[in-house]
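Trainee: Sequence:
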Amino acid sequence: MNVIWVVLIGIVALLAGLALGFFIARKYMMNYLKKNPPINEQMLRTLMMQMGQKPSKKKINQMMRQMNNQQQGK
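If you use this note's numbering, the sequence shown closes out at 81, no skipped numbers anywhere.
Hint data in this document are derived by calculation from the structure and do not stem from the laboratory. In this text the structure is predicted, and so the values were computed from the model without any measurement. Treat the hints with caution; some may be incorrect.
[Stated by the list, open to error] Quick list of simulated restraints, FRET-style, between CB atoms:
| no. | residue 1 | residue 2 | range |
| --- | --- | --- | --- |
| 1 | Q69 | K34 | 31 to 37 Å |
| 2 | I31 | K61 | 41 to 47 Å |
| 3 | V19 | E48 | 44 to 50 Å |
| 4 | Q69 | I16 | 37 to 43 Å |
| 5 | L21 | T53 | 43 to 49 Å |
| 6 | S63 | G24 | 47 to 53 Å |
| 7 | Q79 | M8 | 49 to 55 Å |
| 8 | R33 | M71 | 25 to 31 Å |
| 9 | M71 | G24 | 38 to 44 Å |
| 10 | N76 | K34 | 28 to 34 Å |
| 11 | V13 | M36 | 33 to 39 Å |
| 12 | V10 | M36 | 18 to 24 Å |
| 13 | S63 | A20 | 56 to 62 Å |
| 14 | I18 | K64 | 52 to 58 Å |
Backbone N, C-alpha and C define an ideal beta-carbon position, used for all residues, glycine too.
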């Protein structure tokens, strides 16, 4: 009888830990993405202008494709 309670409490604790961990990780990632948004075309255009390059639509599209391919390769 005691073994059943120990196993039952262990399973409940495991499920509660998984649920709590999921919500904590979700909250952390939402805050992280809010503070560090992924690079978009406007940010890339500004970065290129700061480096002294004249950004054309073709260059920006090419760099965005390269960045997306690099992220998918990880």
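Trainee: Flag every earlier hint the structure violates by its number, smallest first.
Mentor: Failing hints, ascending: 4, 12.
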